[in-house]
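Given two chains presented individually in distinct reference frames, assemble the corresponding complex, making use of the accompanying hints.
Heads up: the protein sequence lines correspond to chains A and B, in order.
In terms of the working numbering, the first sequence is numbered consecutively and its last residue is 285.
In terms of the working numbering, the second sequence is numbered consecutively and its last residue is 325.
If you're looking for bench data, these hints aren't it; they were derived computationally from the structure.
Any given hint could be a false lead.
To be verified - Pairs of lysine-lysine residues, derived as DSS-like cross-links and limited to a Cα-Cα distance of at most 25 Å, are as follows:
(1) A:87 - B:188
(2) A:283 - B:300
(3) B:285 - A:276
(4) B:188 - A:37
(5) B:31 - B:2
No experiment lies behind these values; they were computed from the predicted model shown.
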Amino acid sequence: MGDGPAFFDAWRRLDTLVAHSYEASLQFPGRKVLNVKILCTAKRVPDPEIKLRVAGDGSGYVKDGVKWVVNPFDEIAVEESLRLKEKHGGEVVVVSIGPADAAQQVRQCLAMGADRGVLVKHDSEVDSDAAARAFAKIVEEEKPDLVIMGKQAVDYDSAQAAAILAELLGYGQAAYASKVTVSDDGKSVRVVREVDGGLETVDVALPGIVTADLRLNEPRYASLPSIMKAKKKPLKETTFAELGVDATPKVKSLKVAEPPARKAGQLVPDVATLVKKLHEEAKVI
Amino acid sequence: MKNVLVVAELKNGLRKITLPAITFAKQAAQKLGGQVHALVAGEGDVSAAAEELKKYGVAVIWTASSPALKNYTAEGFAKATIKAAEAAQAGIVCASATAQGRDYLPRVAASLGAGMASDIIGLDDIGGKMAFKRPMFAGNLHQWVEITTDRKVVSVRPTDFDPPAAGAPSGEVRTLDVGIDPASLKTKWVEFAEVKSERPELADARIVVSGGRGTKGPEGYKETVEVLADALGAAVGATRAIVDAGWVPNDWQVGQTGKVVAPDLYIGLGLSGAIQHIAGMAGSKVIVAVNKDPDAPIFKISDYGLVADLFKAVPELLAEIKKLS
Ligand SMILES: Cc1cc2nc3c(=O)[nH]c(=O)nc-3n(C[C@H](O)[C@H](O)[C@H](O)COP(=O)(O)OP(=O)(O)OC[C@H]3O[C@@H](n4cnc5c(N)ncnc54)[C@H](O)[C@@H]3O)c2cc1C
Ligand SMILES: Nc1ncnc2c1ncn2[C@@H]1O[C@H](COP(=O)(O)O)[C@@H](O)[C@H]1O
Numbered sequence: 001m002g003d004g005p006a007f008f009d010a011w012r013r014l015d016t017l018v019a020h021s022y023e024a025s026l027q028f029p030g031r032k033v034l035n036v037k038i039l040c041t042a043k044r045v046p047d048p049e050i051k052l053r054v055a056g057d058g059s060g061y062v063k064d065g066v067k068w069v070v071n072p073f074d075e076i077a078v079e080e081s082l083r084l085k086e087k088h089g090g091e092v093v094v095v096s097i098g099p100a101d102a103a104q105q106v107r108q109c110l111a112m113g114a115d116r117g118v119l120v121k122h123d124s125e126v127d128s129d130a131a132a133r134a135f136a137k138i139v140e141e142e143k144p145d146l147v148i149m150g151k152q153a154v155d156y157d158s159a160q161a162a163a164i165l166a167e168l169l170g171y172g173q174a175a176y177a178s179k180v181t182v183s184d185d186g187k188s189v190r191v192v193r194e195v196d197g198g199l200e201t202v203d204v205a206l207p208g209i210v211t212a213d214l215r216l217n218e219p220r221y222a223s224l225p226s227i228m229k230a231k232k233k234p235l236k237e238t239t240f241a242e243l244g245v246d247a248t249p250k251v252k253s254l255k256v257a258e259p260p261a262r263k264a265g266q267l268v269p270d271v272a273t274l275v276k277k278l279h280e281e282a283k284v285i
Numbered sequence: 001m002k003n004v005l006v007v008a009e010l011k012n013g014l015r016k017i018t019l020p021a022i023t024f025a026k027q028a029a030q031k032l033g034g035q036v037h038a039l040v041a042g043e044g045d046v047s048a049a050a051e052e053l054k055k056y057g058v059a060v061i062w063t064a065s066s067p068a069l070k071n072y073t074a075e076g077f078a079k080a081t082i083k084a085a086e087a088a089q090a091g092i093v094c095a096s097a098t099a100q101g102r103d104y105l106p107r108v109a110a111s112l113g114a115g116m117a118s119d120i121i122g123l124d125d126i127g128g129k130m131a132f133k134r135p136m137f138a139g140n141l142h143q144w145v146e147i148t149t150d151r152k153v154v155s156v157r158p159t160d161f162d163p164p165a166a167g168a169p170s171g172e173v174r175t176l177d178v179g180i181d182p183a184s185l186k187t188k189w190v191e192f193a194e195v196k197s198e199r200p201e202l203a204d205a206r207i208v209v210s211g212g213r214g215t216k217g218p219e220g221y222k223e224t225v226e227v228l229a230d231a232l233g234a235a236v237g238a239t240r241a242i243v244d245a246g247w248v249p250n251d252w253q254v255g256q257t258g259k260v261v262a263p264d265l266y267i268g269l270g271l272s273g274a275i276q277h278i279a280g281m282a283g284s285k286v287i288v289a290v291n292k293d294p295d296a297p298i299f300k301i302s303d304y305g306l307v308a309d310l311f312k313a314v315p316e317l318l319a320e321i322k323k324l325s
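So here's chain B without its partners, still in its complex pose (with noise of 0.2 Å):
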């Protein structure tokens, strides 16, 4: 059980945020002295996600299709998971640190009797151990964990490890029977309401400019916060203050509890910085913040601070980056 296994993240083909899981599951093979291999899991034709895969170094694609697996649910996914661990000779099994990832993952490491590590940020030798480094109570500490069983379960956070390069196709691709019964699922999927946007992914984009409590609503969020993102073309985010209030959706939080982010660029505008927020953006390279109030505590991670009043700012701030094009 030397191989590693990734799981990948698909939707309307394979998810970017599958490939840090890659580089993750690459380095612990040569650890392990295994081969890396991968997980295409949907409903009918999956081999484009497949195909794409190839680009990145992987040894052996898995390929399940079964009407159990047309919408994501934790039990389908820990189901062909599971499989694929058994075909594919893994000793680590791994995904993404994703809302899905974090939901089945456990799953699969119950039903294999494996230990498993949450949103790994690193792989360390302590004392000849395989150690997995890890942020823990919103990442004021980090801590390296030891997984005692032979069998091992982790997520990877996207944000800490940097996607593998793609090269020329290789990979052999496999058909995995996985034998699931839609009706032996105890969960239904019923519907799911996207929130559309035109902008960069939350959690892939260069460039992305959060608001807090101090955009003062919806509208001055959006005369704000979204109008600074798109003459960036940036991703937006948010505090849990403003999504709790319902002045954006749920999906846009930053932080201990909503999205990490790690982009080129980070502008926070009227938030204050609280550990928990800081939790899901203190990795990104360049931190800007707006804030009214000196001693706001997002100045002490900041690179580069303004104070201000962020009503009076903005306007300057999309003259003078008007400047600059």
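Chain A extracted, bound-state conformation (with noise of 0.2 Å):
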């Protein structure tokens, strides 16, 4: 094989043809493609930018009429495994437990470059407890490399599936991810972790868990054609029934309330009176 510029030239091109980018291969050609087999999940949550309302029995919060979006924490996770699978070849497949409508946001993570998507249909909430243990379930079937999700889904604010899908399959965990790199041997991802006081380093074991947190990367958007190619990928459809686990929750809403409201305060004219405020009226200067 040549390695001069015109090879290069004519590999991408010609890797533009192709599904696939194998970066890797084309950047050290002869280096081992190490095919990472990566399932990721993705959960239908409420648009963040909007206002949620209570429901009458005050259980949860009113469903009809909310704009649904793909929790961003997994729209990072899979970004991350696309871009993986760029870098290393393999395959992505994405997972998410939700009522029917929620094909939807699985077809938009196709659209993004997903390979395939399975939908655990459920209609009622399921807690973060029962979606890992229907998750541990299909991992013991895809018997993924590495298992990529977001760091919580931003409609409960729990941040748990990760780490008991982690207990459950006895593997390794590193959340909070702002960087994923697999080593050369393809054994272990090292990760760089945002936590209190700076970042932290580790090593995972593969197979093994990830989360994904906002910094580590800038999700791509869709494009017309890959939306038109999403709609043919595969979607498989099961049931926690199926699968063989019981969607009973442990953790069980009793009611749902606007927080108090925030008494409204003044606005001050000058700096002078901000400062005299808060030195005599507030007290805290």
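And the structure:
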């Protein structure tokens, strides 16, 4: 094989014709393609920009008319999976648990570039524990090398499912990832984690679990052709019953309410007044 | 299983952020009719942290020392906590909802077959059931949950429980053999890049000065937010927008997905007050906002709002503050 610029150019052109760009093998001809199979999870959640209303019975929020999106952290997880696949080769499978309509959000992930989808159809809310137990069954079937999830689902802000899944499977975990690199031998991932006081680096043996934090990447937008193509990608539907998993939540919502509103404050005309009030009225400086 | 186990967080000794979880544990133990136990886990001699804990009215302090706990991993800490939960006969296992607590507690829950409530801000009673109050959807809504399993796991939001007052030392220290083989852990610690700072810690500072995109860049942030913070002896905070832009370290982010703070005084400079940011500071006692846009949402939750260019306002603020001393 040649390795001059012409060779590279030819390959780069060809590269645009094939679905998967194996950057690693292009840059380092002869380097082993690792083929990492990645399973990522994507939950349908209300658009974080909207205001939710308390449901009449007080046990949840009003879902009618809500604009749904892929959980922002899960979009980052999908993006990271795609980047790892583009670098190392492999496959990306997206799994979601939710009502039939959540198929839309799975399709969105397929449009970003994921290869296959699995939707565990379930109409009522499941807690992170039941979700993790369903994922555990799917991981046993799919046998991915790496599972990438969101750090938290922004509807209930629980941030539990990934660590529960890791414990159920006996895997290592690296939550709040801001950088993920697969080791040369493909046996572990090195993850930089955003924690209190700085950045921690850990190596997680594969198969293992990573959760995406905000600064891991900037998710791509799906192009129109890829949205069309996503319609034909395989999306398997299943249920808790088919998986043999009990969906009964261990954590039940008793009541939901609007938080008490903060008392409206005052506008001050200038800095001198502000400092005087902070000193004499609020007594905080 | 009436006891409540609190897992302490260590960093050069006992982290103060552990204390609010002890307050929660006392409330919960009273409801269950049990005692508060604590776990101090680390490598080598952890007795100093155990001694420190004695001041806060804990009945039993379990100390676990193992090479596997030298550096934090979720697996290692979960294993130690599970052992301690058995030894303490704990019905509830809790820790503060820090980056660590949030990380390993779900593993503890999974292993104990327990349900878990994250980030709780209150403990109430609804129809005779223990109801754990927590924020959801970036604090847009509050939720009360029941944990239906006998054993329960809880992460406690440190800003919402006052630390217990220190008293005369009491409590019994017992050693716990956790027997964790370091080689069995599938996560290996590599390194920690600390963000060093002379300023107070964001999580427990009395005053926080925070900046957003309105500070225009890392230089602008330094000249305004950091200078004002240093004049007030305050910690510094930031919005996600400028952390993402790389102006300041990620550790400074305040909000739904950053730190939750509740200082006596929170000063927001050139930040709009997005709901995800407010989620991290709405519990502050006094909120001050400086923003040039009179319609900025931050004014809706501010006690004192100043519509001004922050680059003009900060030098004036510094001059006025100087006059006070
Ligand atoms: C899932 C998710 C999680 C998130 N988590 C967080 C989080 O934890 N924390 C967080 O902060 N955000 C978070 N965000 C982002 C959040 O939605 C906002 O985008 C962000 O907080 C906005 O930052 P900002 O206020 O600095 O910028 P902007 O919204 O752009 O506001 C800048 C403000 O500066 C003012 N300004 C400009 N120039 C001047 C001047 N010279 N003088 C005075 N004022 C001036 C402007 O009027 C404006 O109000 C999250 C978003 C999502 C989707
Ligand atoms: N119903 C679900 N469908 C798909 N993914 C989920 C679901 N519930 C949880 N997850 C995944 O687990 C992560 C953490 O969720 P949680 O513990 O609910 O905050 C999310 O970011 C998702 O990646």
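Going down the list of hints, with the structure as the test:
Using a Cα cut-off of 25 Å, the hinted pair residue 87 of chain A and residue 188 of chain B holds, with the two alpha carbons roughly 24 Å apart. Only pairs whose Cα atoms come within 25 Å are accepted, and residue 283 of chain A paired with residue 300 of chain B is accepted, the gap being roughly 21 Å. Annotation: proposed proximity of residue 285 of chain B to residue 276 of chain A holds, straight-line Cα distance about 17 Å (limit 25 Å). Distance check on the hinted pair: residue 188 of chain B and residue 37 of chain A sit about 22 Å apart at the alpha-carbon level, within 25 Å; holds.
Proposed proximity of residue 31 of chain B and residue 2 of chain B is supported: the alpha carbons are some 9 Å apart, at most 25 Å.
Checked against the numbered hints above, the structure breaks none of them.
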